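Q: Chain by chain, the residues run as shown.
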Amino acid sequence: MGKLSIPLSTLKLGQTSSVVHLEVKGLLRRRILDMGIVPGTILTCIGRAPAGDPIAYLVRDTVIALRSEDARLINVEQV
Amino acid sequence: MTTLNNKMDPLMKIHSETEHIRLASGTPIADRVVSDIFSYTEKIVQKVVIREVSGQKSWKDKIDQIVISRVFGYPLMLLLLGAVFWITIAGANIPSQMIAAVLFAFQDILTHWFEVVQAPAWLHGVLVLGMYRTLAWVIAVMLPPMAIFFPLFTILEDLGYLPRVAFNLDNMFKKAKACGKQCLTMCMGFGCNAAGVVSTRIIDSPRERLIAILTNNFVPCNGRFPTLIAIASIFMASSLVFSQSLQAAGIITLIVLLGVAVTFVVSWILSSTILKGEPSSFVLELPPYRKPKFGAVLYRSIIDRTLFVLRRAIVIAAPAGAITWIMANVYIGDLSVIAYIAGALNPLAKAIGLDGFILMAFILGLPANEIVVPILLMSYLATGQLTEFGSLLELKEILIANGWTWLTAFNTMLFALLHWPCATTLLSMYKETGSKKWTFVGFIIPTVIAFAVCFIVAQTVYFFGLA
Amino acid sequence: MLQAPGRIMREHFGIKTSGEQYVIALAGNPNVGKSTVFNTLTGLHQHTGNWPGKTVDNAQGKYSYKDKSFLLVDLPGTYSLLAHTVEEEIARDFICFGQPDATIVVLDATSLERNLNLAMQVMEITSNVIICVNLIDEARKKKLKIDFKELEKELGVPIIPTAARNGEGLKELQKAVYTMAVEKVIASPKQVVYSEEVEKAIKILMPKVEALGLARIVNPKWLALRLLDSDVSFIKTISRYATTQTQQMVAHKEQGREFTL
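Protein chains in written order, with my numbering: chain A, 147 to 225; chain B, 290 to 756; chain C, 14 to 274.
Looking at chain A on its own, in the form it has when it is part of the complex:
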């Protein structure tokens, strides 16, 4: 363990992290899982919309956009 887990939303541009735990509930949880965001998955923050939100992440060779409130509910640790 060792490393501290942080919310995905705090990831800076270009930073890469690995999913530790999902706190998301309901349909969004299913959606996120089905996109392949499961514990251990590597995510890279690749951009933010001009207004700062939503945020785009590179996951398993695809780009997925999440709103920051939702990204806050995904705990990651930096790799």
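It is worth saying that the hints were derived from the structure and are not from the lab.
Honestly, I wouldn't trust all of these hints.
A few chain B residues facing chain C, derived, Cβ under 10 Å [as the list claims (entries may be wrong)]:
| hint | residue |
| --- | --- |
| 1 | Asp298 |
| 2 | Pro299 |
| 3 | Glu308 |
| 4 | Asp325 |
| 5 | Ala585 |
| 6 | Lys720 |
| 7 | Lys725 |
Capping the alpha-carbon separation at 25 Å, the derived lysine-lysine pairs in BS3-like fashion look like this [said to hold, decoys possible]:
| hint | chain 1 | residue 1 | chain 2 | residue 2 |
| --- | --- | --- | --- | --- |
| 8 | C | Lys188 | C | Lys75 |
| 9 | C | Lys155 | B | Lys336 |
| 10 | B | Lys349 | C | Lys155 |
| 11 | B | Lys332 | C | Lys216 |
| 12 | C | Lys156 | B | Lys580 |
| 13 | A | Lys171 | B | Lys336 |
| 14 | B | Lys336 | C | Lys203 |
| 15 | C | Lys184 | C | Lys158 |
| 16 | C | Lys184 | C | Lys154 |
| 17 | B | Lys332 | C | Lys203 |
| 18 | B | Lys565 | B | Lys726 |
| 19 | C | Lys158 | B | Lys351 |
| 20 | B | Lys302 | C | Lys234 |
| 21 | C | Lys29 | B | Lys720 |
| 22 | B | Lys463 | B | Lys565 |
| 23 | C | Lys67 | B | Lys725 |
| 24 | B | Lys332 | C | Lys213 |
| 25 | B | Lys336 | C | Lys216 |
| 26 | B | Lys351 | B | Lys726 |
| 27 | B | Lys582 | B | Lys351 |
Small disclaimer: the values here were computed from a predicted structure and weren't measured.
Using N, Cα and C, we set each Cβ at its ideal position, and we do this for glycine too.
Dock chains B and C against the given chain A, drawing on the hints supplied.
A: For chains B and C alone, coordinates are given in the frame of chain A:
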């Protein structure tokens, strides 16, 4: 939540027996199942895919840095929107005139045939002066812009730009407590609002989907563009050919932005009143940019969209042209039916900066917005027949002769942007919501807004004596 | 006239086949060029509408190959079949109960990891699976090398690499469909091996599930998994289809006809 019936069901029985397994497990079984599938596929991919990692960023990544960037993101969207309109307006001008010349020349031949067989004047009136002329106008005015606009739009779609627009604008939709994907349904609305309403299926939350359905009409569809373009070109822009199309494009862009602003405001009001709720989550895939296949783009946009919309317009324009001609030529006392109705509507219409004929044309245009201008022209001309639409200049003369000022032009554009949805769109709303109540809401919101906005503008202008 | 049960089940989904026509389902994630595959195969012979009772698009198209007629049913683009949206429910129910003669799963060659999730789920439901790895032109540009032979071995189903936009590989796809649907050469898809905990739970459930005798309608392991993740809507759907099918069997017996499912 097992009902008596479910208890009898052997499957449900086993299901309740599995409860202890679910409880014993630390993580939800459903999560485990998905995680396990992914760790399984990860292993397969490791075996079968070899990637030559190149440190260089591809041009696609570089493009995204501009498209979604803080500095260029919004200006680029505006620029592209304006460019699409400008290419459409500038490019459609000459083909429109050519098609009009051919179709109206054929009208003379038709008239000649009617004379040869000594057909009664009313038959010639209904079929040629009413039906054929309206058709000719609709085709000449609609076909070229559509044949340019739809392929341009399909290219943006195929490139993968539209999801980026949704990504860039999501924050505003979130503030209006709506879904970022609503933006994609609005893009569809540019082509046809009925199609836009159907495309709201991509929105998961029923509440946000309903908002998207009710507000789609504030994006001007292809049936309304010719009206907006014609009026913008002749009233708002200077007479220089090049800068005219550029200015017209600028005005159309502003009108569209106004429609977008109204969409945000109405979405927000709906979310705070009858469709209360918090914005739900939003997961959007941004697919990689792909080079569009131009053959496929042309095929799809011409066959699927242009011809589809044109066919619909023609089916409606033909009978509408005939009916309008009859109404303009049947007299009650001294006044034709049309003049009679327009006279009755006039006080209301004047209050909102229009005149009775314009308001009547919008009402008669309920089946399809394309026929609003043809109906208007036909009813303006004393004989009740559509003018030979040779050039926009003639159109301007007719309108000015009928008392149009810049306010009339401006408010006609506003009314065209904001007024009730066409019958096809209303039907789509009914099919998608399955509710007469929501269809009515979809009708009444734009109607009230159109009257209110035009009233305020007109009264302000009257008050200051500006027009 | 009484029809074969398979056809009656299909009619639940608004699928009407004429004469000897093979029904092929087309599944895939969104943005993988599934509609390009559909359009290129069927051309102008398309019919679009809604799924019965749902506001979800349904496109069907026809094509012929070696004098046989095929009806291609374009399923909604989904990331999964675990049915949390109407689209997923439709795709799942059709693959499960619509009894397609083959199901093509279209995958994006540039993101196989994520796309295989759907493929593995389909392979748990049915054996008649053909995998079409699309966008191989994009994969080439991204310098991805895919060992299709090895992938075929790993998955146990026919793998057809395509670049549908350029028409590349579509003849091979049609051939694979023909082999599976007409010549009845059935694949033997490999199944996901779950973590110990899940596999153990499946083992406990299997005897009970198999005892229900629903194997002809639904793969018992898939059913056990759905029971485990408490997919109540699916469990109810199963019960409904099981009843419908039993009624149809009774009807057929009364007509004195022999048939096999």
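Q: Each hint should be assessed against the structure and marked as holding or not.
A: Quick rundown of the hints versus the structure:
no.: 1; hint: Asp298; verdict: holds (5 Å)
no.: 2; hint: Pro299; verdict: holds (6 Å)
no.: 3; hint: Glu308; verdict: holds (8 Å)
no.: 4; hint: Asp325; verdict: holds (4 Å)
no.: 5; hint: Ala585; verdict: holds (7 Å)
no.: 6; hint: Lys720; verdict: holds (8 Å)
no.: 7; hint: Lys725; verdict: violated (16 Å)
no.: 8; hint: C:Lys188 / C:Lys75; verdict: holds (15 Å)
no.: 9; hint: C:Lys155 / B:Lys336; verdict: holds (18 Å)
no.: 10; hint: B:Lys349 / C:Lys155; verdict: holds (11 Å)
no.: 11; hint: B:Lys332 / C:Lys216; verdict: holds (24 Å)
no.: 12; hint: C:Lys156 / B:Lys580; verdict: holds (17 Å)
no.: 13; hint: A:Lys171 / B:Lys336; verdict: violated (34 Å)
no.: 14; hint: B:Lys336 / C:Lys203; verdict: holds (15 Å)
no.: 15; hint: C:Lys184 / C:Lys158; verdict: holds (22 Å)
no.: 16; hint: C:Lys184 / C:Lys154; verdict: holds (23 Å)
no.: 17; hint: B:Lys332 / C:Lys203; verdict: holds (14 Å)
no.: 18; hint: B:Lys565 / B:Lys726; verdict: holds (17 Å)
no.: 19; hint: C:Lys158 / B:Lys351; verdict: holds (24 Å)
no.: 20; hint: B:Lys302 / C:Lys234; verdict: holds (17 Å)
no.: 21; hint: C:Lys29 / B:Lys720; verdict: holds (23 Å)
no.: 22; hint: B:Lys463 / B:Lys565; verdict: holds (14 Å)
no.: 23; hint: C:Lys67 / B:Lys725; verdict: holds (18 Å)
no.: 24; hint: B:Lys332 / C:Lys213; verdict: holds (21 Å)
no.: 25; hint: B:Lys336 / C:Lys216; verdict: violated (29 Å)
no.: 26; hint: B:Lys351 / B:Lys726; verdict: violated (48 Å)
no.: 27; hint: B:Lys582 / B:Lys351; verdict: holds (22 Å)
Hint compliance for this structure: hints 7, 13, 25, 26 are not met, and every other hint is.
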